[in-house]
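Residue numbers (my numbering), protein chains in the order written: chain A, 118 to 436; chain B, 118 to 436.
Treat the hints as calculated values from the structure; they're not laboratory data.
There may be inaccurate statements among the hints.
When chains are identical, the list treats them as one kind, so a pair holds in a single copy or across two.
[Stated by the list, open to error] List time: in silico SDA-like cross-link candidates among lysine to any residue, alpha-carbon distance up to 25 Å:
(1) Lys-427 with Arg-324
(2) Lys-185 with Leu-388
(3) Lys-257 with Ala-145
(4) Lys-366 with Leu-143
(5) Lys-148 with Arg-135
(6) Lys-340 with Ser-294
(7) Lys-251 with Gln-405
(8) Lys-427 with Pro-392
(9) Lys-180 with Met-118
(10) Lys-340 with Gln-405
(11) Lys-251 with Pro-392
(12) Lys-251 with Gly-147
(13) Lys-266 with Ala-285
(14) Lys-251 with Glu-379
(15) Lys-121 with Ala-160
(16) Lys-257 with Thr-380
Protein chains: 2
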Amino acid sequence: MPDKVLIYSRLPRSMTQRFAAHFDLLDAVGKPVEEMFAADELAQVRALITAGGTPLRAADMDKLPALKAIICYGTGYDGVDLKAAAARNIVVGNSPGANASSVGDVAMMLLLATMRRLPVVDPYVRSGDWAAAKPSPLMKPPMGLAGRKVGIYGMGEIGRKIAARVAAFEAEVGYFSRTRYDDLPYRYLPSLDALAEWCSVFVIAVRAGTDTNHVVNADLLAKLGADGYVINISRGSVIDEPALVAALKSHAIAGAGLDVYETEPHAPSELTKLPNVVLTPHIGGNTQESHVAMQACVLANLTAFFAGEKLPYEVRCTS
Amino acid sequence: MPDKVLIYSRLPRSMTQRFAAHFDLLDAVGKPVEEMFAADELAQVRALITAGGTPLRAADMDKLPALKAIICYGTGYDGVDLKAAAARNIVVGNSPGANASSVGDVAMMLLLATMRRLPVVDPYVRSGDWAAAKPSPLMKPPMGLAGRKVGIYGMGEIGRKIAARVAAFEAEVGYFSRTRYDDLPYRYLPSLDALAEWCSVFVIAVRAGTDTNHVVNADLLAKLGADGYVINISRGSVIDEPALVAALKSHAIAGAGLDVYETEPHAPSELTKLPNVVLTPHIGGNTQESHVAMQACVLANLTAFFAGEKLPYEVRCTS
Numbered sequence: 118m119p120d121k122v123l124i125y126s127r128l129p130r131s132m133t134q135r136f137a138a139h140f141d142l143l144d145a146v147g148k149p150v151e152e153m154f155a156a157d158e159l160a161q162v163r164a165l166i167t168a169g170g171t172p173l174r175a176a177d178m179d180k181l182p183a184l185k186a187i188i189c190y191g192t193g194y195d196g197v198d199l200k201a202a203a204a205r206n207i208v209v210g211n212s213p214g215a216n217a218s219s220v221g222d223v224a225m226m227l228l229l230a231t232m233r234r235l236p237v238v239d240p241y242v243r244s245g246d247w248a249a250a251k252p253s254p255l256m257k258p259p260m261g262l263a264g265r266k267v268g269i270y271g272m273g274e275i276g277r278k279i280a281a282r283v284a285a286f287e288a289e290v291g292y293f294s295r296t297r298y299d300d301l302p303y304r305y306l307p308s309l310d311a312l313a314e315w316c317s318v319f320v321i322a323v324r325a326g327t328d329t330n331h332v333v334n335a336d337l338l339a340k341l342g343a344d345g346y347v348i349n350i351s352r353g354s355v356i357d358e359p360a361l362v363a364a365l366k367s368h369a370i371a372g373a374g375l376d377v378y379e380t381e382p383h384a385p386s387e388l389t390k391l392p393n394v395v396l397t398p399h400i401g402g403n404t405q406e407s408h409v410a411m412q413a414c415v416l417a418n419l420t421a422f423f424a425g426e427k428l429p430y431e432v433r434c435t436s
Numbered sequence: 118m119p120d121k122v123l124i125y126s127r128l129p130r131s132m133t134q135r136f137a138a139h140f141d142l143l144d145a146v147g148k149p150v151e152e153m154f155a156a157d158e159l160a161q162v163r164a165l166i167t168a169g170g171t172p173l174r175a176a177d178m179d180k181l182p183a184l185k186a187i188i189c190y191g192t193g194y195d196g197v198d199l200k201a202a203a204a205r206n207i208v209v210g211n212s213p214g215a216n217a218s219s220v221g222d223v224a225m226m227l228l229l230a231t232m233r234r235l236p237v238v239d240p241y242v243r244s245g246d247w248a249a250a251k252p253s254p255l256m257k258p259p260m261g262l263a264g265r266k267v268g269i270y271g272m273g274e275i276g277r278k279i280a281a282r283v284a285a286f287e288a289e290v291g292y293f294s295r296t297r298y299d300d301l302p303y304r305y306l307p308s309l310d311a312l313a314e315w316c317s318v319f320v321i322a323v324r325a326g327t328d329t330n331h332v333v334n335a336d337l338l339a340k341l342g343a344d345g346y347v348i349n350i351s352r353g354s355v356i357d358e359p360a361l362v363a364a365l366k367s368h369a370i371a372g373a374g375l376d377v378y379e380t381e382p383h384a385p386s387e388l389t390k391l392p393n394v395v396l397t398p399h400i401g402g403n404t405q406e407s408h409v410a411m412q413a414c415v416l417a418n419l420t421a422f423f424a425g426e427k428l429p430y431e432v433r434c435t436s
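Work out the full structure, taking the sequences as your base and the hints as a guide.
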């Protein structure tokens, strides 16, 4: 009999069907598990698949008394209480790097589309306003990317993908992360504030956690200045969203490109009305190739777990 | 008394004001010159500034009997009849390379935004459809750029900027141009057809002329296939627009990102209704930095011309 695996987050069937060939899937379709399944069924669940951003706290774990493996679909695991998992001898796995290129591409798309104001210029063509010689939304040409100082917050696998891309656009790359990497050809700034002072384009690629919560706040945004841009492909929690909206409205910064939001799938309505933002629905890792790669990590983690082996992609609790 | 210079194309005042400090500008604001100025005034015009795509044929030149210099604002000079100019001893100048980085950036923006379907996903967030859990426009994940074969048609200064950028996205780069460059690390394909057979993402960066007119036609588009994309930042004349619209409608190719059109500023209405295109209003070179660089070329050309010297940025008639 195949092992039971709970699908804890709301994940499209197309993303989980590959696992059905190997496991007996209990799909909670993102609803509370106790509403979807009987207690005796939940008591048999030893492993679950979750999206890393979905909250999974001590009390949630305690609804699954046999749970011993939390496997995150994707790079993130910020929703998982790692201490609570460790205290219950639950191992946590993720899919590191599998989506890094794909997320790096979306970061660059957001950066370029925000600086070149794609959300207003594409409609200018489609509406016929261009043909009718109506005033262009780009009366003042934007700045180009060549020669710009682009600061990357976080230099993990995704940060590196973004840095390599940005450098090809002839921009200067600087970064701040907990670790300074002497093998990287980019300028290291010793603090988040120093990075914000140095750059005008600020890209968030840091792993989210309690230590990064709302660190991109009004003070930091003010440092970027009126020609500043914020790009976020990490997690919404890193940004103080009301402070960002205020900075965009007052033109304290020039624009923002966001793939992630504090409370997904809800983007604040004040944000969605702004012309100087580009908004995407958390599509960073959403390519065919990165799904295949992420699924391979999930499958490898689950297979190892049920074989009683160490997870090949294990998340360690460091605090 | 300052020399008279005719502004032949419709160019925003912000783009020409730098020249007013040096020359007496006659601005035709894009209208027929004989309607705007008296014949004796036009008879004094020895130099004009034009956008390279604006038609400037023998008959147009003959309205300006003293004309001896045509200075193009930008890289292109496809609107200028070089033979007619040569026959009249009129020198032609342009602004080579000044906008290459800026155009390269827009090519990448169009490529990424088309593949990731930005024109449908940004409205999905803004409309509240994402928050309401309505079906995503990306039910089928798109392909990523890493590992994709990207073919570049034309390997001048702009083609090289695009190639360098594409390579940083971990895609394979191939190209076809009249010249094979052995110093470039990209795959050379011996013909346009071979390039289209090889690649799935096709980027047009060729200098437009009579030899490139409508070469991107139904046959070539069919070679790209159902996962194929066309990006054009060169000139609209290179594409057979009705064939492109048909290929996009029938899903013979997946999408197109266009900054240029056959009859600007008119984008065909059949094109502007399509969801699988990204359309920008010829903004490739429209950054602060590239305007400054293009204006420097224009000014250097005009100054040399009126000093009786050779143009520093001269276009040679090769046929």
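Practice task
At 25 Å max between alpha carbons, let me know whether Lys-148 reaches Arg-135 within a copy, between copies, both or neither.
Solution key: Result: close within a single copy only, 21 Å intra versus 63 Å inter.
Practice task
Check Lys-427 against Pro-392 for me: Cα-Cα at most 25 Å, and say if that holds within a copy, between copies, both or neither.
Solution key: neither (49 Å within a copy, 47 Å between copies)
Exercise for the section: Please work out whether the CA atoms of Lys-340 and Ser-294 approach to 25 Å or closer within one copy, between two copies, in both situations, or in neither? Expected result: This pair counts as within: shortest intra-copy Cα distance 18 Å, inter-copy 46 Å.
Problem - Same-copy or cross-copy closeness of Lys-180 to Met-118 [CA-CA at most 25 Å] - result: within (23 Å within a copy, 89 Å between copies)
Handout entry: 25 Å Cα threshold - placement of Ala-285 relative to Lys-266
Key = Both, since 13 Å and 18 Å are each at most 25 Å.
Handout entry: Alpha-carbon proximity context of Lys-257 and Thr-380, limit 25 Å
Key = between (35 Å within a copy, 24 Å between copies)
Problem - Intra- versus inter-copy proximity for Gly-147 and Lys-251 (alpha-carbon distance at most 25 Å) - result: So Lys-251 and Gly-147 pass the 25 Å test across copies only (15 Å; inside, 47 Å).
Problem - Copy assignment of Lys-185 with Leu-388, given that the CA separation must stay at most 25 Å - result: Neither: 40 Å inside a copy, 54 Å across copies.
Practice task
Go through the copies and call it for Lys-251 and Pro-392: within, between, both or neither, with a Cα cutoff of 25 Å.
Solution key: Answer is both: 18 Å inside a copy and 23 Å across each meet the 25 Å cutoff.
Exercise for the section: Measure nothing new, just compare the shortest in-copy and cross-copy C-alpha distances for Lys-366 and Leu-143 to 25 Å and report within, between, both or neither. Expected result: Neither. Shortest intra-copy (45 Å) and inter-copy (40 Å) distances fail the 25 Å Cα cut-off.
Practice task
Up to 25 Å between alpha-carbons, please classify Lys-121 paired with Ala-160: within, between, both or neither.
Solution key: For Lys-121 and Ala-160, only the intra-copy Cα distance (10 Å) is at most 25 Å; the inter-copy one is 88 Å.
Practice task
Tell me, please, which holds for Lys-251 and Gln-405 at an alpha-carbon limit of 25 Å: within, between, both or neither?
Solution key: between (40 Å within a copy, 21 Å between copies)
When held up to the earlier numbered hints, the structure conflicts with 2, 4, 8 and fits the remainder.
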